[in-house]
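Residue numbers (this note's numbering): 819 to 1116.
Keep in mind the hints are simulated off the structure, nothing from the lab. You may find that some hints are simply not true.
Stated by the list, open to error - Using C-beta positions, here's what the derived DEER-type ranges look like:
(1) Asp1051 with Ala1083: 16 to 22 Å
(2) Thr979 with Lys1096: 33 to 39 Å
(3) Pro965 with Glu1111: 25 to 31 Å
(4) Ser929 with Ala1049: 27 to 33 Å
(5) Gln1101 with Asn853: 29 to 35 Å
(6) Glu1034 with Glu1111: 43 to 49 Å
(7) Met1035 with Asp1114: 43 to 49 Å
(8) Arg880 with Lys1089: 45 to 51 Å
(9) Ser929 with Met1035: 17 to 23 Å
(10) Glu987 with Gly901: 29 to 35 Å
(11) Glu841 with Lys990: 42 to 48 Å
(12) Glu1111 with Arg860: 50 to 56 Å
(13) Arg934 with Thr960: 25 to 31 Å
Values in this document were obtained by computation on a predicted structure and should not be read as measured data. In this text, a Cβ means the ideal position worked out from N, Cα and C, and glycines have one as well.
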Amino acid sequence: MTGETGKRSYVVGQTEIAARPLEPALYLVATPIGNLADITLRALETLAAADIVACEDTRVSRVLLDRYGIRRRTTAYHEHNAGEAGPKLIAALQAGQSVALISDAGTPLVSDPGYRLVGEALDHGIRVVPIPGPSAPLAALTASGLPSDAFLFAGFLPVKTGQRLTRLEALKAVPATLIFFESPRRLAESLGAMVEALGGERKAAIGRELTKTFEEMRTGTLQTLADHYAAADTPKGEIVVCIGPAEARSDEPADIDRLLLSLAAEMPASKAAAEAAKMTGGQKQALYRRLLELRDRP
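Please take these sequences and the hints and turn them into a complete structure.
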């Protein structure tokens, strides 16, 4: 796999700018999630200078590259050809070439197979360079009004009803804002499952067509949002669902046990007890002892 030679530049407004040479590395380039003006100057220069631009869909990426006068040949790297395309990209990197990896929209590796390529590159001692920029989950989170000090991006839920509910039940006690991607045709059904598994009283937000002309953020409880989309026509565009964390209730021991175990899975026991104390109003030492009891259970 070889890159294209010749002029390497990009255009901003009416100005053509020469791209500086890139060091050999795998560059993870975030691209706009809708509004093409959201691209960063560093991303433009990286795409213009890279020996190889690997993308999820070459037709989608060509729209962005043409908008900024970037005349680089693209190669496809996606879920269905990763097994074949990945080794070729690794070979190009080992030969001293630079590779820019982009997805159809947003930050690479978020709900796409790019993590495999990064893992292989690291295994081969190849430098990996993030070029940050637009991200649909973060855009939705910041506009949702929900807590952002702790959040969990959970991607797409399973399609099958039973598996979807099982996944939601596993996330129920996570003390963080939950973020999901969802397709328009499954949104109403998924919101109904979220109400069933998580409770309809949780605060939530639906981000649709973020950064695009018909951008919409709809907020409310899970129940009100589920009722709205159950009665409405199937929405159009890409959708992000944000769900606020459940409020811990100190009068329900079972809920506190789940909270303690969830926190303990992410941090040391002492810190988990301290966090649970902040969230529930309980005493740290008592919660610490309770956590040790839970861990000692057969």
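Evaluated hints:
1. Checked against the hint of 16 to 22 Å, the C-beta distance between Asp1051 and Ala1083 comes to roughly 41 Å, which is inconsistent with it.
2. At roughly 36 Å, the beta-carbon separation of Thr979 and Lys1096 lies within the given 33 to 39 Å, and the hint holds.
3. Our hint of 25 to 31 Å for Pro965 and Glu1111 holds, since their Cβ atoms are close to 29 Å apart.
4. Range check, Ser929 to Ala1049: about 29 Å between beta-carbon atoms, so the 27 to 33 Å window is met.
5. The hint said 29 to 35 Å for the Cβ distance between Gln1101 and Asn853, and at roughly 50 Å that hint is violated.
6. Separated by about 47 Å at the C-beta atoms, Glu1034 and Glu1111 satisfy the suggested range of 43 to 49 Å.
7. For the pair Met1035 and Asp1114, the supplied restraint of 43 to 49 Å holds, since their beta-carbon distance comes to about 46 Å.
8. At about 49 Å, the beta-carbon gap between Arg880 and Lys1089 stays in the expected band of 45 to 51 Å.
9. In this structure the supplied range 17 to 23 Å holds for Ser929 paired with Met1035, their Cβ-Cβ distance being about 20 Å.
10. The given range of 29 to 35 Å is respected by Glu987 and Gly901, whose C-beta atoms sit roughly 33 Å from each other.
11. The given range of 42 to 48 Å is respected by Glu841 and Lys990, whose C-beta atoms sit roughly 46 Å from each other.
12. Take Glu1111 and Arg860: their Cβ atoms lie about 52 Å apart, and the range 50 to 56 Å holds.
13. Arg934 and Thr960 have their C-beta atoms about 29 Å apart, which keeps the hinted 25 to 31 Å range intact.
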